[in-house]
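Colleague: Just so we're aligned: 16 in numbering that gives the first Met the number 0 is position 17 of the sequence shown, and the numbers increase by one with no gaps anywhere.
The hints are simulated quantities; they were obtained by calculation from the structure and are not laboratory data. It is possible that part of the hints are untrue.
Pair by pair, the computed Cβ-Cβ distance ranges are [unchecked claim]:
id, residue 1, residue 2, range
1, A12, A84, 17 to 25 angstroms
2, M66, R23, 38 to 46 angstroms
3, A72, T49, 20 to 28 angstroms
4, G57, I6, 32 to 40 angstroms
5, L10, R42, 27 to 35 angstroms
6, V13, A84, 46 to 54 angstroms
7, G71, S9, 17 to 25 angstroms
8, G71, R42, 16 to 24 angstroms
9, I6, I79, 47 to 55 angstroms
10, G43, G17, 53 to 61 angstroms
11, T14, I69, 51 to 59 angstroms
Beta carbons are placed, not taken as given, at the ideal position from N, Cα and C, and that holds for glycine.
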Amino acid sequence: MFAFLLIVQSLIAVTLIGVILMQRSEGGGLGVGGSSSGFMTARGAADFLTRATAVLGGLFIILSIVMAAIVGATREPAKIDTSLAGKLAPAQQQQTQPVQPVPAQPAPATQNQQAPAVPLAQ
């Protein structure tokens, strides 16, 4: 049921995008000229596109609310897997072993000695 409603909502969203993009910013709708009578005059197209936008927008909002209610009603409680609760990962087991201290190197006796020259990378 949810998958069907999701497909219907996607189709409504694509249709709504198309209807909105067909409207002119001045409210002319489709921008077609023609005779002053008939369905697809500039005024008739604007009225049709305005109504279609309102209907499709309303359907989109209603479907969003219905789908949120379906998901909320069918939600299962979260299950926590406790089978690995007392075990450590191999990397953590290696870190928990005691580390042997490294003996410190004695400091140079005189401070007047210069460090050996290091060639620069070319």
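Colleague: So, for every hint listed, does it hold in this structure?
Modeller: Here's how the hints hold up against the structure:
Remark: the range hint 17 to 25 angstroms for A12 to A84 is contradicted by a beta-carbon distance near 44 angstroms. Remark: the range hint 38 to 46 angstroms for M66 to R23 is contradicted by a beta-carbon distance near 33 angstroms. The given range of 20 to 28 angstroms is broken by A72 and T49, whose C-beta atoms sit roughly 35 angstroms from each other. Taking the beta carbon of each, G57 and I6 are about 19 angstroms apart, not inside 32 to 40 angstroms as hinted.
At about 28 angstroms, the CB distance of L10 to R42 agrees with the hint of 27 to 35 angstroms. Under the hint 46 to 54 angstroms, the C-beta atoms of V13 and A84, about 47 angstroms apart, fit the expected range. Between G71 and S9 the CB atoms are about 21 angstroms apart, so this pair conforms to the stated range of 17 to 25 angstroms. The given range of 16 to 24 angstroms is broken by G71 and R42, whose C-beta atoms sit roughly 44 angstroms from each other.
Here the CB-CB span from I6 to I79 is close to 33 angstroms, at odds with the stated 47 to 55 angstroms. For the pair G43 and G17, the supplied restraint of 53 to 61 angstroms is violated, since their beta-carbon distance comes to about 18 angstroms. A C-beta distance of roughly 22 angstroms is found between T14 and I69, which places it outside the suggested range of 51 to 59 angstroms.
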